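Trainee: Take a look at the letters that make up each chain.
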Amino acid sequence: MARVMTAPASSPSSPSSSWRRRPWVRWATPLLIVAVLAVLPLVGTEFQNETLARIGVFAVAVLGLNVVMGYTGQVSLGQIFFLGFGAYVTAYGVSQDWNIVLVFVLACLLPAAAGLLVALAAARLGGLAIAMVTIALPIVGVPLAKRLNEYTGGSQGLSARFAESPEGSGLYDDQWTLYLVIAIGGVVFLLTHFLVRGKYGRAFAIVKGNENVAASMGISPYRYKVLAFTIASAIGGVSGFLYMLVIQYTSPETMSFGHSIELLAAMVIGGAASIVGSLLGGAFYVLVPQLTNQVDASLTALLQGAILLVVLFVLPGGLASLPRALTRGRRRLRAGRGPAAPPTTPSSTPGSGTAAEQPETERQGHA
Amino acid sequence: MAAELTLQDVSLQFGGIKVLQDVSFAVEPGQIFGLVGPNGAGKTSLFNCISGHYKPTAGTVRIDGTEVQGARPATLAKHGLARTFQHPALQLHETVLENVLLGAHTRLPGGALEWAVRLPRTWRAEKALRAEALELLERNDLGWAAHLPADELSHGLHKGVELCRALLMKPRLLLLDEPAAGLPHAEVETLIATVRRLRTDDDITVVIVEHHMGLIAALTDRVVVLDHGAKLMEGTAAEAQSDPRVIEAYIGKDAADDAA
Numbered sequence: 001m002a003r004v005m006t007a008p009a010s011s012p013s014s015p016s017s018s019w020r021r022r023p024w025v026r027w028a029t030p031l032l033i034v035a036v037l038a039v040l041p042l043v044g045t046e047f048q049n050e051t052l053a054r055i056g057v058f059a060v061a062v063l064g065l066n067v068v069m070g071y072t073g074q075v076s077l078g079q080i081f082f083l084g085f086g087a088y089v090t091a092y093g094v095s096q097d098w099n100i101v102l103v104f105v106l107a108c109l110l111p112a113a114a115g116l117l118v119a120l121a122a123a124r125l126g127g128l129a130i131a132m133v134t135i136a137l138p139i140v141g142v143p144l145a146k147r148l149n150e151y152t153g154g155s156q157g158l159s160a161r162f163a164e165s166p167e168g169s170g171l172y173d174d175q176w177t178l179y180l181v182i183a184i185g186g187v188v189f190l191l192t193h194f195l196v197r198g199k200y201g202r203a204f205a206i207v208k209g210n211e212n213v214a215a216s217m218g219i220s221p222y223r224y225k226v227l228a229f230t231i232a233s234a235i236g237g238v239s240g241f242l243y244m245l246v247i248q249y250t251s252p253e254t255m256s257f258g259h260s261i262e263l264l265a266a267m268v269i270g271g272a273a274s275i276v277g278s279l280l281g282g283a284f285y286v287l288v289p290q291l292t293n294q295v296d297a298s299l300t301a302l303l304q305g306a307i308l309l310v311v312l313f314v315l316p317g318g319l320a321s322l323p324r325a326l327t328r329g330r331r332r333l334r335a336g337r338g339p340a341a342p343p344t345t346p347s348s349t350p351g352s353g354t355a356a357e358q359p360e361t362e363r364q365g366h367a
Numbered sequence: 001m002a003a004e005l006t007l008q009d010v011s012l013q014f015g016g017i018k019v020l021q022d023v024s025f026a027v028e029p030g031q032i033f034g035l036v037g038p039n040g041a042g043k044t045s046l047f048n049c050i051s052g053h054y055k056p057t058a059g060t061v062r063i064d065g066t067e068v069q070g071a072r073p074a075t076l077a078k079h080g081l082a083r084t085f086q087h088p089a090l091q092l093h094e095t096v097l098e099n100v101l102l103g104a105h106t107r108l109p110g111g112a113l114e115w116a117v118r119l120p121r122t123w124r125a126e127k128a129l130r131a132e133a134l135e136l137l138e139r140n141d142l143g144w145a146a147h148l149p150a151d152e153l154s155h156g157l158h159k160g161v162e163l164c165r166a167l168l169m170k171p172r173l174l175l176l177d178e179p180a181a182g183l184p185h186a187e188v189e190t191l192i193a194t195v196r197r198l199r200t201d202d203d204i205t206v207v208i209v210e211h212h213m214g215l216i217a218a219l220t221d222r223v224v225v226l227d228h229g230a231k232l233m234e235g236t237a238a239e240a241q242s243d244p245r246v247i248e249a250y251i252g253k254d255a256a257d258d259a260a
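Keeping their order, the protein sequence lines are chains U and F.
Per full-length UniProt numbering, the first sequence runs over residues 1 to 367.
Per full-length UniProt numbering, the second sequence runs over residues 1 to 260.
Honestly, the hints are just simulated from the structure, not real lab data.
Quantities reported herein were computed from a predicted structural model and do not represent experimental measurements.
Ideal Cβ placement from N, Cα and C applies to all residues, glycine included.
Treat the hints with care, since some could be wrong.
Unchecked claim - To spell it out: a stretch of chain U is covered by chain F in this simulated footprint if at least three of its residues, at any positions, have a beta carbon under 8 Å from a beta carbon of chain F; those stretches are:
1. 101-107
2. 192-202
Unchecked claim - From the structure, some residues in chain U lie toward chain F, with a derived Cβ separation under 10 Å:
3. 214
4. 215
5. 216
6. 218
7. 219
8. 227
9. 302
10. 303
11. 334
Could you put together the complete structure from these sequences and hints?
Mentor: Next comes the structure, spelled out in C-alpha cells:
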C-alpha cells in the first residue's frame, strides 16, 4: 500500500518557525515591541520623531489597503480618498471645536460609510471593474474638495492643530504626537492582526483565491468583499485623522490619484497580505523620497522607480518576505550540498512500496 | 440528519445550447447516489445546479422538500450542503489544517468586530474546531500532514484534504465531483472505505459524479445515467453496467470518436 504514513509527525516545517513557537518568545516579543515603542519618542530628535510619526500615518493607510487588496484580493486604487476624507472630517471637526473623541469617531465612521456605499455597488462587478470604480474616488474627490469651499476651505485647504502636549507632561509636542500615533496606530494594527487570523482571515483569503470554493463554504464573496472594503475605508479614515494630527494641514492635493498609486506601490513593496509588510510599506512611502531627495532632488522619481523595480525583482513577495526567502535559500543550499534534505512527503519514507520505482531527485507524491 | 434531495424536470440552457433537459430523480436520506455518463453528458452542470453555482433554466431542486433552485451557494452551505470540486482548490501556501478549518466557517460564531477584539468566545470556538479538524484529519490518515503547507502534498492527498474540509462543515448532503479522478488504485480503495464510513458514522446523503465504474459499483445504492443532458436510465450500478443503452452511450460514442 502506498499509504504508509509514518512521516515525521512533529517535524517543524522550517527551523525559524520552531524558535518562534517557544512560549517565552511568544510572550517576550510583544513586551519587547511595547517597550521599544514606549521609549522611542523620548530618544529621537524632533526630525526623527516627525519622520516616525509620518511613517505611522502611512503605515495605517497601507494597512487598510492591505485588508482589501492584500488579503481579499480586490484591487483598490482609491485608498488615498479615504485618508483625505478622514483628514477633512478631522480638520472640519476641530475647526468647529467638536470634542476630539467625537471627531475621531466621525473620521472613522464617515469614510467607512462612504466605502460601504461604493463597495455595495462596486463589489457586484468582478475583477478589474472594481479597480476602475475605485480610480474614480480620488478623481472625484479632488474637485469635490475644491468645490465644497464651506467645509474644505477650497484649494487653500484646512489646517488644524489639536495635539499640543498636555501641560505638566514634560513632553515636547513632537514626542506627544508620536505617542498618539503609536497608540492609535498600534491599536489599529493589533485589531487588524487579530481580524486577519481565524475565521475572517481564512474567508478573505479564499475570496481572493477561489470565489466558487468560498461560496461552497458558506462565504458569500460579495458580502466579504463589501466587508473588506468597508474595513479598509474605516482604517483609511483613521489614517486621515492621524495625518491631520501629524501634518496639521490638508488640501485637495492630499487625495490626488498619484498618492493613491504610491500607496499601492508601498503596499506591494512592503508585502501584500502582511501586517509587518504594511509597516515596511509605510516606511518606504516616507523614507525613500527623503533618501532620494538627499541624493539628487531632480532624480527623485527615477530613483524611486529603480528601487521599486529592484525590490520586486529580488523579493517578489515584498520586504516582509525576506526572512522566508532567506530560510528557503538556506534550505536549498543545504539540499544542494548533501543528500540529507529533510523528507517533506510521506512516500520518501522507507517502506513505501512505490518509492523504488520513482526517480530519486524528483519531488514525490501519490499522483 | 441526512438530507433528502429531489430534482424535478431540471433543465439548463446556455444561450442556444441545451445542457440539461428535464432531469428528474430522487435521492433518499442516507443513500449514496451515483451520477454517471460519458464526458460532456452534463453531470457537473447538474451538480452546479444543485449546489447553486448555476441556476436551472426550468425545473425544481428540493432539499428536504424546500425548493432551493436559484439559491446562492453560500446560502445552501448554511443549509447543510457541501461539495468538492473536480480540481481541489486548496490554499496552497497555507497549512493543511488551515485549509480544513475553512470548512468550519459557518460553525464559528461572531462578527468581524468580535474577531478583531478577540472576544473569548471566538477563540474558544476556534480552538474547539481546530481540535475537531485535527481529529478529522487523523481519522482520514492525514494527521501527519496537518502542519505542512498544502503545496507539499500530492494531488491524491489534496483530494483527501478537500474531503476533510467539506466534512468539517457537518453537511447533511455531500456532493463529490469525481473524487477518484487522478488517484492510483490503492487510494481509490481508501476513498471507498472513507465514503462507506461516512454513511455509517456521519449520517450523510452522498451524491457522487464519477467515471470510475468500479468505485460507483462498490459504493452506490442507485445511479442515474446521463447522456447529452438527458436522463438515460436509473437503477442500480449493476443494472446500469448491463444496460445496452448505457453501453452504447459509452462505447458506441468512443468507437465513433475513434473512427473519426
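Trainee: Each hint needs a verdict: does it hold in this structure or not?
Mentor: Hint check:
1. Given a C-beta distance limit of less than 8 Å, the hint that chain F covers the segment 101-107 of chain U is violated, as 0 residues qualify and 3 are needed.
2. With 7 residues bearing a CB less than 8 Å from a CB of chain F, the segment 192-202 of chain U meets the requirement of three and the coverage assertion stands.
3. Contact between residue 214 of chain U and chain F, as hinted, is supported at the beta carbon level, the nearest pair being about 8 Å apart and thus within 10 Å.
4. Interface hint status for residue 215 of chain U: upheld, as the beta-carbon distance to the closest one in chain F is roughly 4 Å, under 10 Å.
5. At its closest, the beta carbon of residue 216 of chain U sits 5 Å from a beta carbon of chain F; the interface hint therefore holds under the 10 Å criterion.
6. Given hint, residue 218 of chain U at the interface with chain F, holds; its Cβ is 3 Å from that chain's nearest Cβ, closer than 10 Å.
7. Interface hint at residue 219 of chain U: satisfied, since its Cβ lies 6 Å from the closest Cβ of chain F, which is below the 10 Å cut-off.
8. The criterion of a C-beta within 10 Å of any C-beta in chain F is met by residue 227 of chain U, whose closest approach is roughly 6 Å, and the hint holds.
9. A hinted interface residue such as residue 302 of chain U counts as satisfied when its beta carbon comes closer than 10 Å to some beta carbon of chain F; here the least separation is about 34 Å, so the hint is violated.
10. A cut of 10 Å between beta carbons decides the hint on residue 303 of chain U: the least distance to chain F is about 33 Å, and the hint is violated.
11. The beta carbon of residue 334 of chain U comes no nearer than 17 Å to any beta carbon in chain F, farther than 10 Å, and the hint placing it at the interface is violated.
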